[in-house]
Amino acid sequence: MEDFFLRAILGGLGFAIAAGPVGCFVVWRRMAYLGEAIAHAILLGIALGFLLEIQPVITVLVTCFLFAYMLAGIEQDRMISNDALLGSISHLALALGLVALSFMEQIRVDLISFLFGDILAISSFELVTIYTIAAIACMLVKWQWRNLLSITVNQDLAAVEGVPVEKTRLLLIMVLAMVIAIGMTIVGILLVIAMVIIPAAAARCLARTPGQMVVVAAMIGCLAVFSGLYGSLTWDIPAGPSIIVVAGVIFFLVNLLPFRGK
Amino acid sequence: MSIINNAYAQPSDDVDQRELLVEARSVSYRIENRQILDSVDISVHRGEIVTLIGTNGAGKSTLIRVLLQLIKPDQGKVTQCPGLRVGYSPQHVHRDPILPLTVRHFLALGESASLERIRELLEEVGVGNILDYPITGISGGELHRVMLARALLRKPDLLVLDEPMAGVDAASQSELYNLIGDIRDRYDCGILLVSHDLYMVMADTNTVVCLNHHVCCTGHPQNVVTHPGFISVFGQDLSDTLAIYSHSHDHDHSTHHHESEI
Chain A
1 MEDFFLRAIL GGLGFAIAAG PVGCFVVWRR MAYLGEAIAH AILLGIALGF
51 LLEIQPVITV LVTCFLFAYM LAGIEQDRMI SNDALLGSIS HLALALGLVA
101 LSFMEQIRVD LISFLFGDIL AISSFELVTI YTIAAIACML VKWQWRNLLS
151 ITVNQDLAAV EGVPVEKTRL LLIMVLAMVI AIGMTIVGIL LVIAMVIIPA
201 AAARCLARTP GQMVVVAAMI GCLAVFSGLY GSLTWDIPAG PSIIVVAGVI
251 FFLVNLLPFR GK
Chain B
1 MSIINNAYAQ PSDDVDQREL LVEARSVSYR IENRQILDSV DISVHRGEIV
51 TLIGTNGAGK STLIRVLLQL IKPDQGKVTQ CPGLRVGYSP QHVHRDPILP
101 LTVRHFLALG ESASLERIRE LLEEVGVGNI LDYPITGISG GELHRVMLAR
151 ALLRKPDLLV LDEPMAGVDA ASQSELYNLI GDIRDRYDCG ILLVSHDLYM
201 VMADTNTVVC LNHHVCCTGH PQNVVTHPGF ISVFGQDLSD TLAIYSHSHD
251 HDHSTHHHES EI
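Quick note, the sequences are listed as chains A and B, same order.
Counting along the first sequence from 1, when you hit position 139 you're at 139 in the working numbering, and nothing is skipped either side.
Counting along the second sequence from 1, when you hit position 187 you're at 187 in the working numbering, and nothing is skipped either side.
Please note that a few of the clues may not be correct.
[Claimed, not checked] If the Cβ cut is set under 8 Å, some of the chain A residues that face chain B in the computed set are: (1) Trp28; (2) Ala32; (3) Met79; (4) Gln144; (5) Arg146; (6) Ser150; (7) Val160; (8) Glu166; (9) Lys167; (10) Arg208; (11) Thr209; (12) Pro210; (13) Met213; (14) Val215; (15) Met219; (16) Leu223.
None of these hints come from the bench; they were simulated from the model.
Fair warning: this is a prediction, and the values are worked out from it, not measured in the lab.
Just so it is clear, CB atoms sit at the ideal spot from N, CA and C, and this is done for glycine as well.
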């Protein structure tokens, strides 16, 4: 097996495993728009990386954190609905990123690889970053598992039972930002949220407990990475989109299962 | 002797001598321009059942949320005794089929407990057979019992039950009220109950607080029903019916409770 392909598979698996738990919370807590908005801010992070001549992995991560922190402050009771607000901010961030990149004349930016991922070009440095961040993300979710689940099921009840609701919510959003930042190198800015949501949504039909759903989501994600990459190599199709297509196919197949919904 | 109108309950019987669990002093709360709570006083002592009655929109649930410190009052002060353990059963619990959760896992969210203890508590509240049911697959009445079990799992000092009878069939209601009375004795906790089912309230309650944004009247159930404040809210007919009812009921339970007059 070629080195680049091995790195691609390893990188993809690291991301898929971390996306399992956080993806379930995104699905349970209806945070898909929030995740998409964070992802769309990534172009700004890349522009920042070029500007400061730092590894874009770092600036992307920092941008995701800052943006996520800002979005976490959005309150429910206002005159504009959350989805409209997030939808606006999200695409505003994307547009700003595109504008910012257009100023960097000296660099021929390969926009397509940012938007749809460049998994076959993952460097060893990126691989290490992906696994470090994925490990931290998984450990944070495991550490706060009961509190996270408790605020998801009923926020008032959690508060009365002594869970620090706001802190726990912020932690989840930060973990989401981490996973999105590493996922961007795999499937790109526009598809990363799909890879967070689809495996988790598919896992619902196959799980009876939250813990099962997390494990199944991670497994479906891994399966999608494997098959997507092989498909990409075999038929010479773009890797990121192939992975998402496989995840989508799995989603539809499990929904056809006779025992679904148990 | 007269009912204490809109004032602190003076020692009406010996429960007032016991530990004060939670107290609100002249709390006011408004949403936009609507005054939801207007200078409300209420307190719950250990070993006491306080029933909060009032029509729809009288501010009952808001007062509960203020007492639980889920929302901050605009004016006034809420004091909980230090280290107070609260068991809370909210009026509405949204159950989301996206999140696979069995009754067992739901109960384990509030407090880590052995399976034995969980099973025992479900037996105690009369739903021992639903341990492994999905939480979305049980009835509204069963859910109230499960919520009660989750609250009891914490060995609470204060049990707060917001409309625990909603969705409970008539036959089970008196059984559930007896259970709540038993719980007060067995756990030696204070109980704050929200209800609009006036017939059932009268049985085991030590203090009734009649709320209509402000406290209309408060005191022993027998006296409250004949109070002008009560009549102004619920009408003369109901007052007459309940006066007879509570009178005859007191004979049944005369040894059971502190019957000293206020």
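So which hints don't hold here, by number, going up?
2, 3, 4, 8, 9, 14, 15, 16
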